[in-house]
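A.B. asks: What follows is each chain in one-letter form.
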Amino acid sequence: MAPIKHTDLYPTNQYRLRPMPDLKTILGPLTLKNPTILASGIMDEDAGSMHRMITSGAGAIVTKSIGLDPRPGYPNPTIVETPCGLLNAMGLPNPGITDFTHELDLLRNAPVPIIGSIYGKDPEEFSTLARHMERHHVAAVELNVSCPHAKHYGMEVGMDPQILSNITAAVTHTVHIPVYVKLSPNVTDIVILAQAAADAHADAIVAINTLKGMSIDLDVRRPILANRTGGYSGPAIKPIGVRCVYDISQHVSIPVIGVGGITTGADVLEYLMAGASAVQIGTAVYLRGPTVFSHITQEITDWLTTHHVARLSDLIGAAHP
Amino acid sequence: MNAPRITTVHTGKQETPTVKTLTFKDPSPIVPGQFYMIWIPGVDEIPMSVSYISESIKAITFRRIGDATEALFNLRKGDAIGLRGPYGNGFALKGRRPLFIAGGTGAAMLAPAIELIQRKKRTATVILGAKTKGDLFFERRLSRAGARVLVTTDDGSKGYHGFASDLAKDLLKNASYDAMYTCGPEPMMKTLLAFSGQRVFEASLERYMKCAIGLCGQCCIGEGVRVCADGPIFNGKTLKTIPDFGRFKRDASGGKISFSQAP
Ligand SMILES: Cc1cc2nc3c(=O)[nH]c(=O)nc-3n(C[C@H](O)[C@H](O)[C@H](O)COP(=O)(O)OP(=O)(O)OC[C@H]3O[C@@H](n4cnc5c(N)ncnc54)[C@H](O)[C@@H]3O)c2cc1C
Ligand SMILES: Cc1cc2nc3c(=O)[nH]c(=O)nc-3n(C[C@H](O)[C@H](O)[C@H](O)COP(=O)(O)O)c2cc1C
Ligand code: FES
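Chains as they are written, first to last, in our numbering: chain U, 35 to 355; chain W, 451 to 713.
For reference, chain U alone in the conformation it holds in the complex (with noise of 0.2 Å):
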């Protein structure tokens, strides 16, 4: 056998000679320096788990979604997996805002941005914790309009596109920062929702949320989550997260982030081909790892560099006519 020369492995000698290509990606007046953000309600409760995934190489962080007060949760099972993905119903634990606000100080320096997610049961609620969290130096807020397993909160608000403009307006009558909207994939329509949202002023959407479902065991004969049903997500709910960041792209006009099933950098072009401009990565931390955005990033990197692409941002909405 011949033996392997190094032209064989590189022949255009494109790894060394081309520059690196910018993952750059550009969210209003926010940059990241790459498109994987940390989605909300993973490594995201306490500040360490948040500088740990900022360590992997995350570009943004989603905080886990925080309400007025301390809230414990549903009980286990909380979570469950399927052959295709993981059904959750945490039920919206979270310390509250006046505690929260305290890892949100600890994060002040923090080398990327940091969106806090929020969810409450009307505008008022949602805008004094919008307001909590711009004075405790976050970059964006995230409005939760789309948990599918809380009762009065999440997908409950997020479901009418009269009440999502009402909380949307409130919040962006109240604070500078930019206001993401995570909508809902469970609904008939979700570019309705998407319109609604960007008529109230909201700088960004964020599609989708997890599916609702339901898993039972045959043996004991009842669902195995103690909520009964819980969100779906991971990489079974990709193409519907793809098919919503398409359509919704074509619809409004300010940015859209797109979330659902991410494992690969792939993923990620896909997403960003489908007209979304950055990302979120969530069961993906499970499926490999706390160092899946180095592993992800690395991914994108090095496609761009086999397919002769010189930034990210070119990609954005490429499948669109």
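Keep in mind the hints are simulated off the structure, nothing from the lab.
These numbers were taken from a predicted model, which means no experiment stands behind them.
Treat each hint with caution, since some may be false.
[As the list claims (entries may be wrong)] Using C-beta positions, here's what the derived DEER-type ranges look like:
1. N685/W <-> R322/U: 22 to 28 Å
2. M54/U <-> V493/W: 52 to 58 Å
3. I456/W <-> T222/U: 36 to 42 Å
4. K687/W <-> D56/U: 36 to 42 Å
5. I456/W <-> R322/U: 25 to 31 Å
6. I60/U <-> N685/W: 41 to 47 Å
7. I60/U <-> Q648/W: 50 to 56 Å
Virtual Cβ for every residue (Gly too), placed ideally from N, Cα, C.
Following the hints, complete the assembly by docking chain W with the ligands onto the known chain U.
C.D. replies: This is chain W with the ligands only, laid out in the frame that chain U set:
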């Protein structure tokens, strides 16, 4: 896949008025220090360390302290429970002359580690610490395995009168122990870490757990160290870098509770 698999209770043995051991069939390989998520359908799902290991039968040993452990306590032979796991890292068990220090229910999870040491023809010295004589368990089991078992009680009703950590301090002065393994109240383990010097040191930590697969962040300590996935066993070097150790834990909502206020 991380979903509960149903098994049934094989035997139940009461160790003390408040501590019970349940055995069940589970062929999965597991190492001492690892734990299961035990689902009691309709009640809760809670983390429980393995307390006995054979190829086909495993056990958990627990204290009745709330809803879920109460429900477990009342299970009978043939009742269904769900298992997820085994999870976590388990003990590395290096060292020729190990000293084990068990505080309270900590004896449950140290027992299989001690039995493994004995099978490897090393001799374990074990300090079994309890509040009072009636709370002691596994003394006979560990002696039978060949370990040297020393008992301490806070009230002096049996063995050395004082804390397990007091006796450990004395022993470490005189003998050439080269490793310490401990599970018990965290302030006790922190005291022991201070005595450990250059010895191998491993402690088993407990934090409120939800997913147990390293995703939700509920059990994190220090800089995002996940007790469920990166632990629950940590060595002395790591513990020295974690400011939470022996100081506070977090409840189900993520709020901090200092160990001095903890029940
Ligand atoms: C890795 C690990 C291994 C453990 N091994 C054992 C063991 O071998 N034997 C034993 O007796 N106990 C063990 N525990 C502790 C055991 O999980 C708790 O005692 C049990 O969950 C109490 O549940 P409860 O409903 O009876 O009590 P509750 O009244 O609900 O709570 C009593 C205490 O238990 C804690 N607790 C409740 N739910 C959880 C949870 N999901 N995760 C962690 N702590 C919880 C609470 O913080 C509280 O301090 C272990 C814990 C962990 C994290
Ligand atoms: C364990 C878990 C907890 C979550 N908690 C929240 C939350 O608090 N707020 C929120 O907006 N979304 C929450 N989500 C949804 C994720 O942010 C994300 O939208 C969803 O999981 C889809 O992305 P993925 O497939 O990459 O996980 C949670 C998801 C998981 C798996
Ligand atoms: S319990 Fe969820 S990360 Fe450990």
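A.B. asks: Which hint numbers does the structure go against, in order from smallest to largest?
C.D. replies: Those not satisfied: there are none.
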